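A.B. asks: I would like the entire structure built from these sequences, with the hints used as guidance.
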Amino acid sequence: MTERVYTKEEWIRGLEGLREDYTLFVPVKDGDFHAFMPMNGEKVPDFDFQNTRLSPKSVIYPRSERLFEYILGNADPEANILKESSKDFSPRAIVGIRPCDAQAFQIVRRNFDNPEYRDPWWVRHFESTTLVGLGCNEPCSTCFCTAVGGGPFHEDGLDALVFDLGERYLIKGLTDKGEAFLAKMNGGKPADEAVLKAAEDLTASASQKITSSPPTDPLKGKKINDLFNAPFWEEVAFGCLNCGTCTYLCPTCWCFDVQDEVLGKEGDRIRNWDSCMFPLFTLHGSGHNPRDKKVQRVRQRFMHKLKYYVDKYDNGVQCSGCGRCVRYCPVNIDIRDVCERMNNY
Amino acid sequence: MKGLLEHVGVEPGRLHFSWISSAEATKFVDVANTVAKEVKALGPARYFIKKRAEVA
Amino acid sequence: MLRYTEKIQETAKRLLQEKRVDAFIGYGKGSVPMMNQPLMVSDPDRVDRLYWDNFCGLNLCNYLTKRTDKVGIVANGCNSRNIVTHIIENQIKRDQLYIVGIPCEGMIDHRAVMRAVKQKEILDIQQNGKTFVVKGADFEETFEKEKFLQSNCAVCIHRNPVIYDELLGDLVEEQTGVSPYQDVEKVEAMDPEKKQGFFTRLISRCIRCYACRNACPLCYCPTCFVDESRPQWVGKSSDPTDTLTFHFLRAYHCAGRCTDCGACERVCPMGISMRQFTKKLNKDCQELFSWEAGLTLDQRPPLDVYRPDDYNDFIK
Amino acid sequence: MSDWEAKITTFLCNWCSYGAADLAGVSRFQYPPNFRIIRVPCSARVSPKFVLAAFRHGADGVWVSG
Chain A
545 MTERVYTKEE
555 WIRGLEGLRE
565 DYTLFVPVKD
575 GDFHAFMPMN
585 GEKVPDFDFQ
595 NTRLSPKSVI
605 YPRSERLFEY
615 ILGNADPEAN
625 ILKESSKDFS
635 PRAIVGIRPC
645 DAQAFQIVRR
655 NFDNPEYRDP
665 WWVRHFESTT
675 LVGLGCNEPC
685 STCFCTAVGG
695 GPFHEDGLDA
705 LVFDLGERYL
715 IKGLTDKGEA
725 FLAKMNGGKP
735 ADEAVLKAAE
745 DLTASASQKI
755 TSSPPTDPLK
765 GKKINDLFNA
775 PFWEEVAFGC
785 LNCGTCTYLC
795 PTCWCFDVQD
805 EVLGKEGDRI
815 RNWDSCMFPL
825 FTLHGSGHNP
835 RDKKVQRVRQ
845 RFMHKLKYYV
855 DKYDNGVQCS
865 GCGRCVRYCP
875 VNIDIRDVCE
885 RMNNY
Chain B
-12 MKGLLEHVGV
-2 EPGRLHFSWI
8 SSAEATKFVD
18 VANTVAKEVK
28 ALGPARYFIK
38 KRAEVA
Chain C
23 MLRYTEKIQE
33 TAKRLLQEKR
43 VDAFIGYGKG
53 SVPMMNQPLM
63 VSDPDRVDRL
73 YWDNFCGLNL
83 CNYLTKRTDK
93 VGIVANGCNS
103 RNIVTHIIEN
113 QIKRDQLYIV
123 GIPCEGMIDH
133 RAVMRAVKQK
143 EILDIQQNGK
153 TFVVKGADFE
163 ETFEKEKFLQ
173 SNCAVCIHRN
183 PVIYDELLGD
193 LVEEQTGVSP
203 YQDVEKVEAM
213 DPEKKQGFFT
223 RLISRCIRCY
233 ACRNACPLCY
243 CPTCFVDESR
253 PQWVGKSSDP
263 TDTLTFHFLR
273 AYHCAGRCTD
283 CGACERVCPM
293 GISMRQFTKK
303 LNKDCQELFS
313 WEAGLTLDQR
323 PPLDVYRPDD
333 YNDFIK
Chain D
10 MSDWEAKITT
20 FLCNWCSYGA
30 ADLAGVSRFQ
40 YPPNFRIIRV
50 PCSARVSPKF
60 VLAAFRHGAD
70 GVWVSG
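Chains as they are written, first to last, in the working numbering: chain A, 545 to 889; chain B, -12 to 43; chain C, 23 to 338; chain D, 10 to 75.
In short, the hints are calculated from the structure, not lab data. Bear in mind the structure is a predicted one, so any value in this text is a computation, not a measurement. Where is the CB? At the ideal position from N, CA and C, for every residue including glycine. Please note that a few of the clues may not be correct.
[As the list claims (entries may be wrong)] Calculated pairs, DSSO-like style, for lysine-lysine (alpha carbon to alpha carbon, straight line, at most 30 angstroms):
id: 1; chain 1: B; residue 1: 27; chain 2: C; residue 2: 208
id: 2; chain 1: A; residue 1: 766; chain 2: A; residue 2: 856
id: 3; chain 1: C; residue 1: 115; chain 2: A; residue 2: 838
id: 4; chain 1: D; residue 1: 58; chain 2: C; residue 2: 152
id: 5; chain 1: C; residue 1: 169; chain 2: C; residue 2: 305
id: 6; chain 1: A; residue 1: 587; chain 2: A; residue 2: 766
id: 7; chain 1: A; residue 1: 573; chain 2: C; residue 2: 208
id: 8; chain 1: A; residue 1: 573; chain 2: A; residue 2: 838
id: 9; chain 1: C; residue 1: 216; chain 2: D; residue 2: 58
id: 10; chain 1: B; residue 1: 38; chain 2: B; residue 2: 27
id: 11; chain 1: B; residue 1: 14; chain 2: D; residue 2: 16
[As the list claims (entries may be wrong)] Across the chosen pairs, the derived CB separations fall in these ranges:
id: 12; chain 1: C; residue 1: 151; chain 2: A; residue 2: 802; range: 47 to 57 angstroms
id: 13; chain 1: A; residue 1: 616; chain 2: C; residue 2: 334; range: 44 to 54 angstroms
id: 14; chain 1: A; residue 1: 775; chain 2: C; residue 2: 329; range: 50 to 60 angstroms
id: 15; chain 1: D; residue 1: 53; chain 2: A; residue 2: 654; range: 50 to 60 angstroms
id: 16; chain 1: C; residue 1: 118; chain 2: A; residue 2: 802; range: 41 to 51 angstroms
id: 17; chain 1: A; residue 1: 808; chain 2: B; residue 2: -1; range: 56 to 66 angstroms
id: 18; chain 1: C; residue 1: 254; chain 2: A; residue 2: 657; range: 51 to 61 angstroms
[Unchecked claim] Take a look, some chain A residues computed to stay more than 10 angstroms from chain C by CB distance:
id: 19; residue: 586
id: 20; residue: 597
id: 21; residue: 618
id: 22; residue: 622
id: 23; residue: 661
id: 24; residue: 709
id: 25; residue: 731
id: 26; residue: 809
id: 27; residue: 871
id: 28; residue: 881
C.D. replies: See below:
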């Protein structure tokens, strides 16, 4: 396992040097918040951030993705055939991804890459991406990663992890992908004992800063039907606007909607993010909608995350505790509160 | 409608409304000429046209 | 502002106990600072969850549509105007409502506060009349409320509720001398190309979560045009033209009805200022029809009626 | 660019302007060929969606006439 120390300037220079080998996605300050954007020499990476507004899921799973395309006509021999769109699967790296968001990819992976079903685009994007995490020195009060099996310096799901030690960064390679990334990166010195000790202390102190931790273990023992018919859903759902903020900001929401867009003699099949909060999500062709009430949709979101997923994959909840939905829900529906209610029911 | 379209940047000469009775063939021709002239003067539209989606 | 909390609780309790209303709609204190949760209480013993402060920027009229019971509701200036609009549009009947009016002094813009503390995490906010204290892990700062109003509140000229059954405080003085449409005028002065650039940039961050549409009390159609599929008017991808079409038509559907309550902007997770669209229409309604939405129950809105002296210049 | 001809989506009321266009035709009046006429039962049938749809499909101009 490689462990190297960089000064902050060295680190940025090292990343610059990697731009030939990788498309680097780095946190960039964009107006009021941070977003992962490709490092292109113009935008300055800013690693002094709490977390990005939108999760980095869009790097692997874009909000709209062209899957197939066709053209009509007689002149072109390639015409009249529905072809898979060409995609860029060259190596990418998300640098500065928080451990919770990296863990989220593992959660989503169970859905997109399992023995029954394998999503070729998601898997190839995921495999070509190196996740270089940045531990959280100062977790937010809304974070609850420790409650869902993660932590501010959790290593699962990451290829390398960076510790921010004030003046310097310590970077640890964790997987082959991470080691390859480090091998290509210039600069840095091998880490000494003092630095490793500092990193350990940081990890311990950060975990203690996580204040909210709704237990998720009791969920497994509950009966689905009991929770489904619980009386509290009406109350939880009352304020809900049925907007897509929670699902679109969530790093573990994976639902999509495939749309055909036809324009004259050409057309595309596009996969877009969809949200279980929208009535259209479950609308049948017949006009029937099995989830046409707000309360049914809100229940679906929480039941899926906190119960169905738990039962199906037996691998914890479908939530990485990043706290985005808690912070940005316009009507303050708090998943921690809902989880408590489900626990106590 | 016209006000908001122009506000978001569609040129004023692109959208026209008129009121012509079925007996007013001459007015129809007049208005048709004006409309065509104004739109031609603006050249081809470039804005608000749905092209192939700009997606990944 | 905070003093209203107790009064709201008392009133709600009384109304529920006297069976004047079946349910009472208000705000509850949120689990994170600067966020409040819309709340419905039907048990008189649970009114202590009701709350009021400077961050009640959501519009509660959303929760009135299609109700058949009798409801009590708290309403400040803009919310009361939306209630009027609802009544005019037959979304609820006047005698179903018990409106508890709150003279409003403006809501605080949570984004402006975040900017002022450089996006550091806020753990607690104390509100004391004209100032408020923001506390974080390693800082504590005091700000003047006046400077942190939501942009729609800063130019609001209808702070007092226009319709109510009971008022919970003395009417406040309305602001005078504000010029609400300065930003609209700035855009109006641009040439078409600049305008295109302005609006393209404005909505470039939009993720199409439809929070603005759903937070808007005016948007109560059973099927929104973006959800229609036969024919499909708008694509669902992140294509800029589709996004622009959505914002354009959403705004257009609010013509002559928007009360500039600011809920759309408040809820946007990406901080898009979509009031730039609706404000232009408000300005046009003001100039062409001398109309502001939701001020009276006795007059039909301008796009609803024909008058021989209607503005006619756009027709050849 | 020189052979560019404007395409103008035109919504005409069946009872008014469509009649006028018909009359212009039988009277052999000349008018420009750029219009793509859609006959509607009344100009009030034209929803703002139609106008946007026309622009989205690449119309250079839209003319609504009652």
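A.B. asks: Now look at each hint and say whether the structure bears it out.
C.D. replies: For each hint, the structure was consulted:
Restraint check for residue 27 of chain B and residue 208 of chain C: the C-alpha separation of about 28 angstroms stays at or below 30 angstroms, so the hint holds. Between residue 766 of chain A and residue 856 of chain A the alpha-carbon distance is near 14 angstroms, which keeps this suggested pair within the 30 angstroms criterion. Taken as a hint, the residue 115 of chain C and residue 838 of chain A pair is honoured in the structure, with Cα atoms around 23 angstroms apart against an allowance of 30 angstroms. Note on residue 58 of chain D and residue 152 of chain C: the hinted pairing is violated, with a Cα-Cα distance of about 46 angstroms set against a maximum of 30 angstroms.
Using a Cα cut-off of 30 angstroms, the hinted pair residue 169 of chain C and residue 305 of chain C holds, with the two alpha carbons roughly 24 angstroms apart. Using a Cα cut-off of 30 angstroms, the hinted pair residue 587 of chain A and residue 766 of chain A is violated, with the two alpha carbons roughly 49 angstroms apart. At roughly 27 angstroms between alpha-carbon atoms, residue 573 of chain A and residue 208 of chain C fall within 30 angstroms of each other, so this suggested pair holds. Straight-line distance between C-alpha atoms of residue 573 of chain A and residue 838 of chain A comes to about 35 angstroms, which puts the hinted pair past the 30 angstroms bound.
For the given pair, residue 216 of chain C sits about 24 angstroms from residue 58 of chain D by alpha-carbon distance, which is consistent with the 30 angstroms threshold. Between residue 38 of chain B and residue 27 of chain B the CA atoms are separated by roughly 22 angstroms; this keeps the pair inside 30 angstroms, and the hint holds. Between residue 14 of chain B and residue 16 of chain D, the direct Cα distance comes to roughly 21 angstroms. Compliance with the 30 angstroms bound is thereby established for this hinted pair. Checked against the hint of 47 to 57 angstroms, the C-beta distance between residue 151 of chain C and residue 802 of chain A comes to roughly 54 angstroms, which is consistent with it.
The beta-carbon spacing between residue 616 of chain A and residue 334 of chain C, approximately 46 angstroms, falls within the hinted interval of 44 to 54 angstroms. Look at residue 775 of chain A against residue 329 of chain C: about 52 angstroms separates their beta carbons, and that is inside 50 to 60 angstroms. For residue 53 of chain D and residue 654 of chain A, the Cβ-Cβ distance of about 54 angstroms falls inside the hinted range of 50 to 60 angstroms, so the restraint holds. Checked against the hint of 41 to 51 angstroms, the C-beta distance between residue 118 of chain C and residue 802 of chain A comes to roughly 43 angstroms, which is consistent with it.
The supplied range of 56 to 66 angstroms is broken by residue 808 of chain A and residue -1 of chain B, whose beta-carbon atoms lie about 28 angstroms from each other. With their beta carbons about 32 angstroms apart, residue 254 of chain C and residue 657 of chain A fall outside the hinted range of 51 to 61 angstroms. Distance check on residue 586 of chain A: its Cβ is at least 16 angstroms (rounded) from any Cβ of chain C, clearing the 10 angstroms threshold; non-interface status holds. The claim that residue 597 of chain A is not at the interface with chain C is violated, since a C-beta of that chain comes within 10 angstroms of its own (minimum 7 angstroms).
Its beta-carbon lying about 28 angstroms from the closest one in chain C, residue 618 of chain A satisfies the requirement of being farther than 10 angstroms from that chain. Here residue 622 of chain A stays apart from chain C, with its beta-carbon at least about 24 angstroms from theirs, past the 10 angstroms limit. No Cβ of chain C approaches the Cβ of residue 661 of chain A within 10 angstroms, the least distance being about 23 angstroms, so the stated non-interface status holds. Residue placement check: residue 709 of chain A keeps its beta carbon more than 10 angstroms from all beta carbons of chain C (closest about 18 angstroms).
Against chain C, the non-interface label of residue 731 of chain A holds: every CB pair exceeds 10 angstroms, the least being about 30 angstroms. Every Cβ of chain C is farther than 10 angstroms from the Cβ of residue 809 of chain A; the closest lies at roughly 17 angstroms, confirming the non-interface assignment. Distance check on residue 871 of chain A: its Cβ comes as close as 6 angstroms (rounded) to a Cβ of chain C, failing to clear the 10 angstroms threshold; non-interface status is violated. At roughly 6 angstroms from the closest C-beta of chain C, the C-beta of residue 881 of chain A falls inside 10 angstroms, breaking its exclusion from the interface.
In summary, the structure is inconsistent with hints 4, 6, 8, 17, 18, 20, 27, 28 from the numbered list given earlier, while agreeing with the others.
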